[in-house]
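Engineer: In order, the protein sequences belong to chains A and B. Residues in the first sequence are numbered consecutively from 1, following my numbering. Residues in the second sequence are numbered consecutively from 1, following my numbering.
Treat the hints as calculated values from the structure; they're not laboratory data. Any given hint could be a false lead.
Computed footprint of chain B on chain A; a stretch qualifies when at least three of its residues, placed anywhere within it, have a C-beta under 8 Å from a C-beta of chain B [claimed, not checked]:
| # | region |
| --- | --- |
| 1 | 40-52 |
| 2 | 155-166 |
| 3 | 456-464 |
Between beta-carbon pairs, the in silico distance windows are [claimed, not checked]:
| # | chain 1 | residue 1 | chain 2 | residue 2 | range |
| --- | --- | --- | --- | --- | --- |
| 4 | B | A87 | A | P384 | 46 to 56 Å |
| 5 | B | L23 | A | V420 | 28 to 38 Å |
| 6 | B | A87 | A | L192 | 48 to 58 Å |
| 7 | B | R30 | A | A267 | 55 to 65 Å |
| 8 | B | P56 | A | E189 | 21 to 31 Å |
| 9 | B | A87 | A | A14 | 47 to 57 Å |
| 10 | B | A73 | A | A317 | 33 to 43 Å |
| 11 | B | D92 | A | G150 | 15 to 25 Å |
For every residue, glycine included, the Cβ atom is placed at its ideal position computed from N, Cα and C.
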Amino acid sequence: MTEPLPWLILLPLAWATATFLLGPGRGAWLAIAGIAVQCGLTFALAGQLLAEGPQPHAAGGWAPPLGIALAADGLAAVMLLLTQGVALLLALYARGYFAPGDQAARHFWPLAGFLLAGMNALFLAADLFNLYVTLELVGLAAVGLVASGGGAAQLGAALRYLFATLLGSGAYLLGVALVYGAYGTVSIELLLPLVDADVPRAVWFAAALMLAGLMLKTALFPFHFWLPPAHGGAPAPVSALLSALVVKASFYLILRLWLGPFAPLAAAIAWLPALLGSAAILWGSWRAIRAERLKLLVAWSTVAQLGYLFLIFPLIAAPGPALAAGVMQAVSHGLAKAAMFAAAGVVIHVTGRDTVAGVAGVAGRLPLTLFAFALAGVTLMGLPPSGGFLAKWLLIDAALAQGAWALAAVVIAGGLLAAVYVFRVLRQAFLDAPAVEAAHPAPPLLEWTAFALAAASVLLGLRGMELLRLLSVGSAG
Amino acid sequence: MTSGLVFALAGVALFAMGAAGVLLLAELMRRVLAFNIMGSGAFLVLVGLAQRNDVPDPVPQAMVLTGIVVAVAATALALALARRYQALGGRDELAGDD
Numbered sequence: 001m002t003e004p005l006p007w008l009i010l011l012p013l014a015w016a017t018a019t020f021l022l023g024p025g026r027g028a029w030l031a032i033a034g035i036a037v038q039c040g041l042t043f044a045l046a047g048q049l050l051a052e053g054p055q056p057h058a059a060g061g062w063a064p065p066l067g068i069a070l071a072a073d074g075l076a077a078v079m080l081l082l083t084q085g086v087a088l089l090l091a092l093y094a095r096g097y098f099a100p101g102d103q104a105a106r107h108f109w110p111l112a113g114f115l116l117a118g119m120n121a122l123f124l125a126a127d128l129f130n131l132y133v134t135l136e137l138v139g140l141a142a143v144g145l146v147a148s149g150g151g152a153a154q155l156g157a158a159l160r161y162l163f164a165t166l167l168g169s170g171a172y173l174l175g176v177a178l179v180y181g182a183y184g185t186v187s188i189e190l191l192l193p194l195v196d197a198d199v200p201r202a203v204w205f206a207a208a209l210m211l212a213g214l215m216l217k218t219a220l221f222p223f224h225f226w227l228p229p230a231h232g233g234a235p236a237p238v239s240a241l242l243s244a245l246v247v248k249a250s251f252y253l254i255l256r257l258w259l260g261p262f263a264p265l266a267a268a269i270a271w272l273p274a275l276l277g278s279a280a281i282l283w284g285s286w287r288a289i290r291a292e293r294l295k296l297l298v299a300w301s302t303v304a305q306l307g308y309l310f311l312i313f314p315l316i317a318a319p320g321p322a323l324a325a326g327v328m329q330a331v332s333h334g335l336a337k338a339a340m341f342a343a344a345g346v347v348i349h350v351t352g353r354d355t356v357a358g359v360a361g362v363a364g365r366l367p368l369t370l371f372a373f374a375l376a377g378v379t380l381m382g383l384p385p386s387g388g389f390l391a392k393w394l395l396i397d398a399a400l401a402q403g404a405w406a407l408a409a410v411v412i413a414g415g416l417l418a419a420v421y422v423f424r425v426l427r428q429a430f431l432d433a434p435a436v437e438a439a440h441p442a443p444p445l446l447e448w449t450a451f452a453l454a455a456a457s458v459l460l461g462l463r464g465m466e467l468l469r470l471l472s473v474g475s476a477g
Numbered sequence: 001m002t003s004g005l006v007f008a009l010a011g012v013a014l015f016a017m018g019a020a021g022v023l024l025l026a027e028l029m030r031r032v033l034a035f036n037i038m039g040s041g042a043f044l045v046l047v048g049l050a051q052r053n054d055v056p057d058p059v060p061q062a063m064v065l066t067g068i069v070v071a072v073a074a075t076a077l078a079l080a081l082a083r084r085y086q087a088l089g090g091r092d093e094l095a096g097d098d
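Bound conformation, chain A alone:
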């Protein structure tokens, strides 16, 4: 395995297929071992990138355009690290979460494997059409996971999500078709010198379609309608995977296109994503503050936190830390949101109730889980020394350097609103509980994996510089 790129895609495909053949609900340790190896491969890849710079790879020795080209740079490596790291902890969590014979666990492991294979392929794909295929792989696996709960509400959410994701990738595909029609290639590398500011109108149309389709898949306001029911209704490990990782995949692709082939066009519309992102922060936080159900609160918080990712676009053309801020936000939110859904899963498992009111008394019964929830909250609010603090600090830094006071104000307001919904849960947790018997004991594995994710999101602020150095390898764009 001297070449990590293809193995990062083949390995999850292999263990996903194997766990499917083993039968419903089985193969957890195989999956965990597979993800652990993927973690090792990702670290090897990161080391290789830092030492030798970006390396292209032609799968199976077939050259493009008919072969599949893979490429990794710093941005891809950071996203791969986030994905494998979060997936490993969530796999351990899921091993403890699903009781033997649980209906929702029947197809969790194969679907999670196909999801990871699709995501890794998405981060590594080097042409627009293969990106479309990987987008669909990720979307279909994610829809399957949302439906795994099996109830009518979950199936409804899965169908709503399916239509949203198909519409998004359909728009992306039409964009790819128009780009191919205009330039006769879909390789990102070959397109870079071809696209300039006075392109044919069809290419403008293509860029608009592709970006709009991807924003729908990233659940940017006002395309967020599918996210809260899908993420709030799924089993906790699934919600965590989807909220932490899957929405970041389409954001990564927006970033790739924006910094890559569409850079000459993007400057003209740079304020639109920031405007929608600001609206997402305000509306998502407001709905989180008002939410009755605990998991819906966390899901609406995802809508809000995704908004920050889009604030960077007006700032990204000028030199400065805007890209670093966006990626740091993606990583720290990924860790924190996985931790928060995991902690919420433990609370619901123990109390048997998915309501914010039901959290009462948790401080005494589940101190470690509550601590994990609070640490994740620290990252979402952006308090030092968390990764969220670093992300928001870099973002404010970039905004003020370019005189964009409004963006800095939105970041600060978003942090305050996050504090409101986080403290709403914490305050409830310290209230006296009505004397009810614990529905189930809390398995330590669940509590500790949630805590590990939350601790990682906070400690990221201290080790952020290493991550940013990796990000700058062959800097995207």
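Starting from the structure of chain A, add chain B where the hints point.
Structural biologist: Just chain B, lined up with the frame of chain A:
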């Protein structure tokens, strides 16, 4: 106007009709069909625009073939989910938001 451009424009029209169907129709079955019309529109654009000087280009053909596989898989998943949803709730429309 070349024949390729005619194909491409027809494809865009089909795509728009299909996308509107996915967004606006209520019945799940019709939405699945609308998604297929939308996909066919995109494929038509891909193949139509690539015909330069009436010499067909093999690369978009390969892409469309891949795209058809993806669309069949997506359709199968949508139909399976819709059937199950209908069996559980007795409806072939999604319940209202939130």
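Engineer: Determine for every hint whether it applies to the structure shown.
Structural biologist: Verification of the hints:
1. 40-52: With 0 residues close enough to chain B, the hint is violated.
2. 155-166: holds (count 8)
3. 456-464: Coverage by chain B is violated here, the residue count being 0 at a Cβ distance below 8 Å.
4. A87/B / P384/A: 46 to 56 Å: holds, 52 Å
5. L23/B / V420/A: 28 to 38 Å: Holds - the Cβ-Cβ distance for L23/B and V420/A, about 34 Å, lies within 28 to 38 Å.
6. A87/B / L192/A: 48 to 58 Å: Hint holds: Cβ distance 50 Å, inside 48 to 58 Å.
7. R30/B / A267/A: 55 to 65 Å: violated, 41 Å
8. P56/B / E189/A: 21 to 31 Å: With a Cβ separation near 25 Å, P56/B and E189/A satisfy 21 to 31 Å, so the hint holds.
9. A87/B / A14/A: 47 to 57 Å: With Cβ atoms ~34 Å apart, the hint is violated.
10. A73/B / A317/A: 33 to 43 Å: Holds, at about 39 Å.
11. D92/B / G150/A: 15 to 25 Å: holds, 19 Å
Of the numbered hints stated above, those contradicted by the structure are hints 1, 3, 7, 9, listed in ascending order.
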